[in-house]
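Enquirer: Chain by chain, the residues:
2 protein chains.
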Amino acid sequence: MATGEFDYVRWLRAQTPPDTRVLVGPGDDCAILARPAGSVLITTDILTEGIDFRLAEIGGRSVGQKAMAVNLSDIAAMAGLPTAAVVGLVLPDGAGSRALAEEIFRGLRDVADRFHVPIVGGDTNTWPGGLVVSVTVLGEPIGKGPVLRSGAKPGDWIFVTGRLGGSILGRHLSPTPRIVEAEILHRRVKLTAMADISDGLAGDLGHILDESGCGAVLMAEAIPIHADAVRLAIQTGRPPLDHALNDGEDFELVFTVNPEEGAKLLREQPVLGLAKVGECSESGLQLSEGGVSRLYASKGWSHRVE
Amino acid sequence: MATGEFDYVRWLRAQTPPDTRVLVGPGDDCAILARPAGSVLITTDILTEGIDFRLAEIGGRSVGQKAMAVNLSDIAAMAGLPTAAVVGLVLPDGAGSRALAEEIFRGLRDVADRFHVPIVGGDTNTWPGGLVVSVTVLGEPIGKGPVLRSGAKPGDWIFVTGRLGGSILGRHLSPTPRIVEAEILHRRVKLTAMADISDGLAGDLGHILDESGCGAVLMAEAIPIHADAVRLAIQTGRPPLDHALNDGEDFELVFTVNPEEGAKLLREQPVLGLAKVGECSESGLQLSEGGVSRLYASKGWSHRVE
Chain A
2 MATGEFDYVR WLRAQTPPDT RVLVGPGDDC AILARPAGSV LITTDILTEG
52 IDFRLAEIGG RSVGQKAMAV NLSDIAAMAG LPTAAVVGLV LPDGAGSRAL
102 AEEIFRGLRD VADRFHVPIV GGDTNTWPGG LVVSVTVLGE PIGKGPVLRS
152 GAKPGDWIFV TGRLGGSILG RHLSPTPRIV EAEILHRRVK LTAMADISDG
202 LAGDLGHILD ESGCGAVLMA EAIPIHADAV RLAIQTGRPP LDHALNDGED
252 FELVFTVNPE EGAKLLREQP VLGLAKVGEC SESGLQLSEG GVSRLYASKG
302 WSHRVE
Chain B
2 MATGEFDYVR WLRAQTPPDT RVLVGPGDDC AILARPAGSV LITTDILTEG
52 IDFRLAEIGG RSVGQKAMAV NLSDIAAMAG LPTAAVVGLV LPDGAGSRAL
102 AEEIFRGLRD VADRFHVPIV GGDTNTWPGG LVVSVTVLGE PIGKGPVLRS
152 GAKPGDWIFV TGRLGGSILG RHLSPTPRIV EAEILHRRVK LTAMADISDG
202 LAGDLGHILD ESGCGAVLMA EAIPIHADAV RLAIQTGRPP LDHALNDGED
252 FELVFTVNPE EGAKLLREQP VLGLAKVGEC SESGLQLSEG GVSRLYASKG
302 WSHRVE
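Chains as they are written, first to last, in the working numbering: chain A, 2 to 307; chain B, 2 to 307.
Possibly wrong hints are sitting among the right ones.
Treat identical chains as interchangeable: a pair holds within one or across any two.
What the hints assert, rightly or not - SDA-like mimics (lysine to any residue), calculated; alpha carbons at most 20 Å apart, straight line: (1) K145 to L24; (2) K145 to T17; (3) K145 to A35; (4) K145 to G39; (5) K300 to V10; (6) K145 to P19.
Hints listed in this document are in silico derivations from the structure and should not be mistaken for laboratory results.
Here chain A stands alone, though its shape is the one from the complex (with noise of 0.2 Å):
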């Protein structure tokens, strides 16, 4: 019998709450939404065992959180709202896939379901090879619109969201989106830059120079360090700050500000773990470090497309 994807389809199926934006859910050749208020936000981000997780370690429903939360956190990076997501699954061969892949589809609706995202559709395939999940989630923009990473000014203050570094211990594989953070951040003050830290603080602060055309002094005294970091560069030799900066898979969110608007967040603190970082410079990026600047380049994660 060869009717256990379409078994596992109705399955899926019975599992999936009627949701008014969504017109027609899995099953059919393509899903339908409702339409849209505005613009759409999309994402797609794709895990591969042994390289994002290591499936034996963590099992399929730590697989699923993971896959979903790093979408959602690209979401959070626009200061949208997610919408719907679609996965598609590539399943390795043999008995146990079923019940693989209903874990990793209860992994994904865990984190789905606390940011109301309704899953409406997907494909789900067998190999020989690993496990690959692949996760693309829509959003819409809330309030003064999507905030891209190309906005930030020389003099713009910089601000994470939260304590960083050392995320390989294990809190990379269960990030929290920042997609609450986000919307608080974005209807309290103008966002004039925004972007996840999922390649390392200074790695992806450098998308946003990049893309803003201006530079960065980072305040190595004010960058919050996780104490997965101190505990991390006590195997690895590293200073924890070096962590702090090049660690990938934070998830937590680093944006700009004009200095009004960061005096502001400073003085109100309106979501927790709020940390001015540093300020933009026309040009470069420079860590401050007891008084005394120096270039610093990123040493974040990138696959090796060569």
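Following the hints, put chain B in place on chain A, whose structure we already have.
Expert: Using the frame of chain A, we list chain B on its own:
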């Protein structure tokens, strides 16, 4: 240097022409699309090396073409027009991954450009496993709105848009998504149900029947058999009709209309290759051959999720 991923993204951005439907293209946390005129179709398909293609035999460009075409085929199956695509790539590690990524992108664009679909974003990864290409396509309904699988009624006539079977001999790599044909048919008549033939005529018609709660009688003599099905039958020893009914990846459309609309289609032949292959009944899928009807069980393709 671990900057290959971002170099590739820069290259991608340089390849992406402006499009009025795309407010922000590749390179930010999300792409941003202009507000759609109506509801939003969304579909996703993942292709994997060794299952959906043999990379060493066909090369990256063909992989890209197929990955885009099979997704557009799902938009066609709703009688929609595609509006945007995002692409997730998982490339095998090592030298040559950049060249492969570019070849795949060229293949994706070969097909996307024919149907005016901008590729607005993606995610590019490397790993020690095989090639995986995930594509998600958005679309918009036209005219009378999206055509579901669920609207067929007993008495409706069943049509296909072209010859079937034996696509594995090569046609499965470069299918023509029936976007244009679907649009013409949808404007000319009222389509009651439609699907693309990815799992075999019997299987995909079966999905329509399941969703519509009716049955069908297929007329063996009326099913347009592709020359490839005849060639393949010589190799397999199975009847060509068996291949036409069950081989996957034809990517033609199967659809239903009421008899008046069906007669109009036969008279006017608005698209090439149109063939009436049967009629809907109260229940069950039957094959009528030489004047004798028998219950017919699909042998179409499904992934084993067990």
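Enquirer: Next, verify each hint and record whether it holds.
Expert: Results for each hint:
1. K145 to L24: Answer is between: at 15 Å across copies they meet the 20 Å cutoff, but 28 Å inside does not.
2. K145 to T17: neither (32 Å within a copy, 27 Å between copies)
3. K145 to A35: Between copies only: 15 Å across, 22 Å inside.
4. K145 to G39: Answer is within: at 12 Å inside a copy they meet the 20 Å cutoff, but 23 Å across does not.
5. K300 to V10: Between. Shortest inter-copy distance 18 Å satisfies the 20 Å Cα cut-off; intra-copy 42 Å does not.
6. K145 to P19: neither (30 Å within a copy, 24 Å between copies)
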